[in-house]
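Participant: Listed below, chain by chain, are the residues.
Number of protein chains: 2
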Amino acid sequence: MWTSLSSLNEGAEDISQACINALFLCVSLFRLKDLEVAELRDSDVHVKMLAAPINPADINMIQGTYAILSPLPAVGGNEGVGEVLEVGRRVTALKPGDWVIPAAAGVGTWRTQGVFPEEMLLKVPSDIPVLCAATLSVNPCTAYRMLADFETLAPGDSVIQNAANSGVGQAVIQIAKASGIKTINVVRDRPDLPKLVERLMALGADHVITEEMLRKPEMKDIFKSIPKPRLALNCVGGKSTTEMLRHLQPKGTMVTYGGMAKQPVMVPVSTFIFRDVRLRGFWMTQWKKDHAQDQESLTSMMDALCQLIRRGQLTAPACTEVPLQDYKAALEATMKPFASSKQILLF
Amino acid sequence: MWTSLSSLNEGAEDISQACINALFLCVSLFRLKDLEVAELRDSDVHVKMLAAPINPADINMIQGTYAILSPLPAVGGNEGVGEVLEVGRRVTALKPGDWVIPAAAGVGTWRTQGVFPEEMLLKVPSDIPVLCAATLSVNPCTAYRMLADFETLAPGDSVIQNAANSGVGQAVIQIAKASGIKTINVVRDRPDLPKLVERLMALGADHVITEEMLRKPEMKDIFKSIPKPRLALNCVGGKSTTEMLRHLQPKGTMVTYGGMAKQPVMVPVSTFIFRDVRLRGFWMTQWKKDHAQDQESLTSMMDALCQLIRRGQLTAPACTEVPLQDYKAALEATMKPFASSKQILLF
Numbered sequence: 001m002w003t004s005l006s007s008l009n010e011g012a013e014d015i016s017q018a019c020i021n022a023l024f025l026c027v028s029l030f031r032l033k034d035l036e037v038a039e040l041r042d043s044d045v046h047v048k049m050l051a052a053p054i055n056p057a058d059i060n061m062i063q064g065t066y067a068i069l070s071p072l073p074a075v076g077g078n079e080g081v082g083e084v085l086e087v088g089r090r091v092t093a094l095k096p097g098d099w100v101i102p103a104a105a106g107v108g109t110w111r112t113q114g115v116f117p118e119e120m121l122l123k124v125p126s127d128i129p130v131l132c133a134a135t136l137s138v139n140p141c142t143a144y145r146m147l148a149d150f151e152t153l154a155p156g157d158s159v160i161q162n163a164a165n166s167g168v169g170q171a172v173i174q175i176a177k178a179s180g181i182k183t184i185n186v187v188r189d190r191p192d193l194p195k196l197v198e199r200l201m202a203l204g205a206d207h208v209i210t211e212e213m214l215r216k217p218e219m220k221d222i223f224k225s226i227p228k229p230r231l232a233l234n235c236v237g238g239k240s241t242t243e244m245l246r247h248l249q250p251k252g253t254m255v256t257y258g259g260m261a262k263q264p265v266m267v268p269v270s271t272f273i274f275r276d277v278r279l280r281g282f283w284m285t286q287w288k289k290d291h292a293q294d295q296e297s298l299t300s301m302m303d304a305l306c307q308l309i310r311r312g313q314l315t316a317p318a319c320t321e322v323p324l325q326d327y328k329a330a331l332e333a334t335m336k337p338f339a340s341s342k343q344i345l346l347f
Numbered sequence: 001m002w003t004s005l006s007s008l009n010e011g012a013e014d015i016s017q018a019c020i021n022a023l024f025l026c027v028s029l030f031r032l033k034d035l036e037v038a039e040l041r042d043s044d045v046h047v048k049m050l051a052a053p054i055n056p057a058d059i060n061m062i063q064g065t066y067a068i069l070s071p072l073p074a075v076g077g078n079e080g081v082g083e084v085l086e087v088g089r090r091v092t093a094l095k096p097g098d099w100v101i102p103a104a105a106g107v108g109t110w111r112t113q114g115v116f117p118e119e120m121l122l123k124v125p126s127d128i129p130v131l132c133a134a135t136l137s138v139n140p141c142t143a144y145r146m147l148a149d150f151e152t153l154a155p156g157d158s159v160i161q162n163a164a165n166s167g168v169g170q171a172v173i174q175i176a177k178a179s180g181i182k183t184i185n186v187v188r189d190r191p192d193l194p195k196l197v198e199r200l201m202a203l204g205a206d207h208v209i210t211e212e213m214l215r216k217p218e219m220k221d222i223f224k225s226i227p228k229p230r231l232a233l234n235c236v237g238g239k240s241t242t243e244m245l246r247h248l249q250p251k252g253t254m255v256t257y258g259g260m261a262k263q264p265v266m267v268p269v270s271t272f273i274f275r276d277v278r279l280r281g282f283w284m285t286q287w288k289k290d291h292a293q294d295q296e297s298l299t300s301m302m303d304a305l306c307q308l309i310r311r312g313q314l315t316a317p318a319c320t321e322v323p324l325q326d327y328k329a330a331l332e333a334t335m336k337p338f339a340s341s342k343q344i345l346l347f
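Chains Z and L, in that order, are what the protein sequence lines are. Per UniProt numbering, the first sequence runs over residues 1 to 347. Per UniProt numbering, the second sequence runs over residues 1 to 347.
Derived from the structure by calculation, the hints contain no laboratory data.
Which stretches of chain Z does chain L cover? Using the computed rule of at least three CB atoms under 8 Å from a CB of chain L, they are: (1) 268-279; (2) 282-294.
Label pairs and their in silico Cβ distance ranges: (3) Z:Lys-224 x L:Arg-199: 54 to 62 Å; (4) L:Glu-198 x Z:Asp-221: 54 to 62 Å; (5) L:Glu-218 x Z:Ala-93: 45 to 53 Å; (6) L:Leu-32 x Z:Pro-227: 42 to 50 Å; (7) Z:Ser-297 x L:Ala-154: 26 to 34 Å; (8) L:Arg-190 x Z:Asp-221: 47 to 55 Å; (9) L:Lys-239 x Z:Ala-292: 34 to 42 Å; (10) L:Glu-321 x Z:Ser-297: 55 to 63 Å.
Ideal Cβ placement from N, Cα and C applies to all residues, glycine included.
Turn these sequences into a full structure, and let the hints steer you where they fit.
Facilitator: Okay, here's the thing in C-alpha cells:
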C-alpha cells in the first residue's frame, strides 16, 4: 500500500483562470488516497519517495492553465527525489539505494512510493542534500540552460532578470556568480524588501532593484560598474518586461520562461528594428523532450549542477518542510502572493 | 547649378509624433533650392539623378520619428537611381554612363545632380527599368534578406505577412513566388478590396486575407493546402501582429520591420514558452552598416534581384511618376492612408 496526493476528476477541467478563489477550489480538489503498489515489471523501478516540492506550475497543471494536463484522477507533483527499493530484472543502470529524480514532467511525485518505468527516472548522486536533490530537476536546470543556450556569456558580462526571488531566479544568481557573471535582479516592492535584498545579495546577487527602479535615471549608475546585459530572463510579462527590455544591449536576447503578471509581453517595434533585440522562450519540459536521446547534454548539465551543490555554490531555495498529511496548508502557502519559501513535502 | 528638395532647419526637430497634421507641417518644411554643384575631388563621383521615390521612412526622418536624423538643412530622399556624368581620377570602379544607387541611407536623392564619395554609391546594371533601379535599394533588399536570413525555407514552405500591399510586401510576394514559397498576405479591409486582392494575386500571392479574417475559423481552410508558416513578417504591430502570431508554426520566427499601427508588438507569454516562437527585428540600414566590408553578400543579393527583374519576376511597385516641381502633391499623396501607389520623383 502507498499513499498519494491525487486530484479528483470532477471540476478540475472547469477551472481555467488562476485567481485567489481557485486556490481553495484547488486545495479541495486534492485528497490523500491509499493505493496498491503496482506490480514490478522487468523494466520497472520501485521507488520510495524522500521529498517533493510544490511548485507553482504543479498548481497551474491542476487549474488547467498549463500546457500539460494529466488524465484525471492523477497524482500531483512533477519534481522530487526518491530512493530505489527494488528493480526489475532488465534494469541495469539503477540498483537499490540509488537516488532518482523524474526524467520528465507528469510522473506524480506527491506519493510515498511508486513503480515507474526505468526511462522515467534519472540517477542523481546521493551525497548531495536531500532538499537540493528534490528541487534539482526543474529550477536549477532551467536557470542553467537559460544562461548557457541563448547568449555566449563570459566572466564580467551581465544578466538582468525579474522575479529574481523565484526558485529559478535564485538558481540564476548562484550559477551566474559561480561563473563570474554579474546579475541585476528585479523584485516586486514589498514590506520586508530590505530582508529580501539582503538574502539575494548573500546568494551572490550583484544588484537587487524593484520594478519601479527600472524606470528611474539612477539605473545609469549600475552601468558605470558593469556592462549592459546581453541576456534578460523574464518570468513576469506586462510592464515589468517592457521596462527591463530598455536596459538590454543592442542585439541582446530576452528569454521568457514564465508569466506571473498574467499579461502579455509588450515590445515597442523600435526595440526590434533599431536595437535588433531578440525574443525567445524557454520551457524545461520541452527541452527534456527535445533532448530525450541526448544523454550527454543531460549528464553534463547534472554533473555541473551537482558539482556546484557540493562546493556550496548552489543551495536549495528557502524551504518549509511539510509532512504529507499537512498538504492543505502547503498548497495554500504556495499560492500566497510574495511566497518566499518553497513548500517541500516529506514522506 | 542643381536643384534639390531640402528640409529647413527650423521646426523640424520639434515634430516628434506622426499625425495627419504633421503631413502639412512636413510639406511646408520642404522647398526647392538651387545650389552650386560641389567640386569633384579625386574619389568623388558626379551623378545626374534619374528617378527617386518618396518612401514613408523618408517622411519619418523629417518628422524625427526615425532612428536616423540628418543634420538640417538636408536634402531629402534615401533611395533613387542616377547616371554617372564624371568621376574623380582615383575612381576606378565607376565610369560615365554607369547607373548608381545609394549604398546607404542619408545621401539625399531628391536632387537633380550631386557629387558623392565613391563609397556612397553602388553600381547597378543599366539594362533594368529605371523605376526598378530607383526602388531597388530598400524594399526588394529588405524582402530578400528577411526571406533568406531568419528561416531556411524550401519550395512548398509558407510565409505570412501583414501590410502585404507595401513596397516590401509586394517584393516578398514576388521573390517568394520565384522560389516556390507560398505567401499568406494580410491587408487592411478597404472599399476597393477586391481590386487589391486581384492585383496581389496577379503578382503571385497565394492567399490574400483581411486582418479580420485572421481571427476566423476559416483560416483552417488555408492550411489544408499549404503548411503553417515558419516565417511571419510584421510591418504593423498591435492586434494584427498578435493574431498573425497565432498561425505561426512552433519554433517559427516573426521578423518585425515596421510599425504602421504605432502600437507595440503584444505577445502572450505562452507563445514563447509553449510554442517556442522567436521574435526578431530587421532594418536594412543596419544590415548595410554591418555588411559594409562584405561586398560579396551585397553583390550576390543585387545580382539575384536584378536577375529576377530581367525575368519579369520582380517588378517595380505601382508608381506615380511626378516631376520634381510637383513635390508637394507627391509628399501629400505619400502620407494618405491606403496609399497604394508609390510617388516617384523624376528629374
